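A.B. asks: Just so you know, the numbering used here puts 35 at position 35 of the sequence shown, and the rest follows in order with no gaps.
Careful: at least some of the hints might be erroneous.
The calculated DSS-like cross-link candidates involving lysine-lysine, where the alpha carbons are at most 25 Å apart (straight line), are [unchecked claim]:
1. Lys424 / Lys550
2. Lys362 / Lys424
3. Lys142 / Lys30
4. Lys282 / Lys142
5. Lys360 / Lys282
6. Lys142 / Lys550
7. Lys356 / Lys424
With beta-carbon atoms standing in for the labels, derived distance ranges [what the hints assert, rightly or not]:
8. Pro278 / Glu349: 19 to 29 Å
9. Ala254 / Gly485: 29 to 39 Å
10. Asp543 / Arg408: 48 to 58 Å
11. Phe213 / Pro449: 28 to 38 Å
Everything labelled a hint here was simulated from the structure, so no lab data went into it.
Remember, predicted model here, so these are calculated numbers, not experimental data.
For each residue, glycine too, the CB sits at the ideal point set by N, CA and C.
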Amino acid sequence: MHDLVIRNGTIVDGTGEAPFQGDIAIDDGKISAIGRIEAEGRETVDATGQIVTPGFVDIHTHFDGQITWDPLLTPSCWHGVTTVVMGNCGVGFAPAAPNRHEWLIGLMEGVEDIPGTALSAGMQWNWETFPEYLDYLDTLPKALDVGTQVPHGAVRAYVMGERGAMNEPANPEDIHEMKQLVREGLEAGALGVSTSRTIAHRAIDGVNVPGTFAEEDEMMAFGEALAEAGTGVFELAPAGVTGDDMNLPDLEVAWMRRVSAATGRPITFALVQLDAEPDHWKRMFDLSEEAVAEGADLYPQVTARAPGVLLGLQTNHPWVNAPTFQEISGHYKLGAGDAHHLRRTPIEEIAAEMSKPEVKAKLMEELGAAHQDIAFIDLARVFPMEEPLDYEPRREDSVAATAEREDRDAYDLFYDLMLENEGKRMFFAPTLNYTEFDYEVVRKMLTHPRAALGLDDAGAHCGVICDASMPTFMLTHWARDRSRGEGLPLEFAVKKMTSDTARLYGLHDRGVLRPGMKGDVNVIDLERLQLRAPELAHDLPADGRRLIQKAEGFVAT
Numbered sequence: 001m002h003d004l005v006i007r008n009g010t011i012v013d014g015t016g017e018a019p020f021q022g023d024i025a026i027d028d029g030k031i032s033a034i035g036r037i038e039a040e041g042r043e044t045v046d047a048t049g050q051i052v053t054p055g056f057v058d059i060h061t062h063f064d065g066q067i068t069w070d071p072l073l074t075p076s077c078w079h080g081v082t083t084v085v086m087g088n089c090g091v092g093f094a095p096a097a098p099n100r101h102e103w104l105i106g107l108m109e110g111v112e113d114i115p116g117t118a119l120s121a122g123m124q125w126n127w128e129t130f131p132e133y134l135d136y137l138d139t140l141p142k143a144l145d146v147g148t149q150v151p152h153g154a155v156r157a158y159v160m161g162e163r164g165a166m167n168e169p170a171n172p173e174d175i176h177e178m179k180q181l182v183r184e185g186l187e188a189g190a191l192g193v194s195t196s197r198t199i200a201h202r203a204i205d206g207v208n209v210p211g212t213f214a215e216e217d218e219m220m221a222f223g224e225a226l227a228e229a230g231t232g233v234f235e236l237a238p239a240g241v242t243g244d245d246m247n248l249p250d251l252e253v254a255w256m257r258r259v260s261a262a263t264g265r266p267i268t269f270a271l272v273q274l275d276a277e278p279d280h281w282k283r284m285f286d287l288s289e290e291a292v293a294e295g296a297d298l299y300p301q302v303t304a305r306a307p308g309v310l311l312g313l314q315t316n317h318p319w320v321n322a323p324t325f326q327e328i329s330g331h332y333k334l335g336a337g338d339a340h341h342l343r344r345t346p347i348e349e350i351a352a353e354m355s356k357p358e359v360k361a362k363l364m365e366e367l368g369a370a371h372q373d374i375a376f377i378d379l380a381r382v383f384p385m386e387e388p389l390d391y392e393p394r395r396e397d398s399v400a401a402t403a404e405r406e407d408r409d410a411y412d413l414f415y416d417l418m419l420e421n422e423g424k425r426m427f428f429a430p431t432l433n434y435t436e437f438d439y440e441v442v443r444k445m446l447t448h449p450r451a452a453l454g455l456d457d458a459g460a461h462c463g464v465i466c467d468a469s470m471p472t473f474m475l476t477h478w479a480r481d482r483s484r485g486e487g488l489p490l491e492f493a494v495k496k497m498t499s500d501t502a503r504l505y506g507l508h509d510r511g512v513l514r515p516g517m518k519g520d521v522n523v524i525d526l527e528r529l530q531l532r533a534p535e536l537a538h539d540l541p542a543d544g545r546r547l548i549q550k551a552e553g554f555v556a557t
């Protein structure tokens, strides 16, 4: 008698091999048998007509605060994820000197757009050192397995105080102490160390993340800590990743090559396509391959679609700072990082008031001054969202193109569309990976042999982005539905989200369905699988807002 038997499924085992029919038995949390299983199970799942995969391993999340109040780690748990890695991009909450709690919250809020009020209300701060933080995480109820990394920003501020927080150069004593703290964290169970070197990452007060301008000796010390511990990944958001300085990426790969080759540890770094330099991503892959040939172990970390801002009446739009809109909604002027702080006024009431012709006329008059500081609203790159969702929209489907065909002002059309569904209509505004208005470049990145799949930022950017649904998108878009070009084999898509990500982070007990591995399994009705439209929820501590996205078709996880 087995604890659980999953019967008659199409097994996509995570190795990249062709799917096959069979049963899976699980006992004591581990897979005990695969094939045709005669014995009964105390619990049985009929997977006829469904695929069975390993649980997905998401290596780029920011659940560092949410884990302390949400055992489910939504929305990731709704998309087949069974293991998450947090502590990315150099930000996190340990080590934490007692006088640095609010500062660390401000750092996370500024970089990852997680409401500071929610973090302050939800976190208990039952730790100071990184090992104490891990011990605290062990006491929490969790539906998913959670791993974390030692964040450079927190370490620098802990060791150097205000000097570290303000990005002053580290002296040899500082570097030695930071190295010891990183090694201490790794030996306690951290999966790696992370840093951020892009000037786009700033704390809520506008100061760059500690470590942004760190010299190579500081980076090498962290690599040495990884080598001495014999484990762990070096993760980073590199300089120039968002196009802030296109000369820096070559220099970034150069130091990564030296650190990885000298220490033998893998380095993974964020990589996206930039409109300003559409072929830059190719050079980064080429440089990485050259580095690998010289003994380094580099993995550009890519994503499965265009990271995109979600616009709408509930989030952000061209009139959000207009005096009339502020009067109607009770909002205050929106600045950077403020989208989740807007007051909770019933959206239906706002939409009803804005539908009045005289109110619309007034708001259209105020348009110019209202949206001058919201630079990312280009209606030629804004697409209405409706189910079934299309995350690879055509250029002619944009608000601007539609308005041109209808001989209308684009903002007039956007205004009317925004009020549909009682003001809950949302719009997809791809910001990266969409220079050519299709995903041919994304496909090339995904299929590059050095590419690691990540960057969905689950748990972060609460007010404007919700890309935690990436695993579902990989299956629905790439493995099933893509019509604007070649898709990806199902077994390849599953492998990218399971054994590949697990292996990169040294999680050798998961990611593949075979006897002895962890019983982290998804049963999925692939034919019925679909993403639901994003929605706004007020479920963070202190009534904080965030965007969430659910899926249909996951039978069991």
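A.B. asks: For which of the previously enumerated hints does the structure constitute a violation, in increasing order of number?
C.D. replies: As far as the earlier hints go, 4, 5, 8, 10 are violated by this structure, in ascending order.
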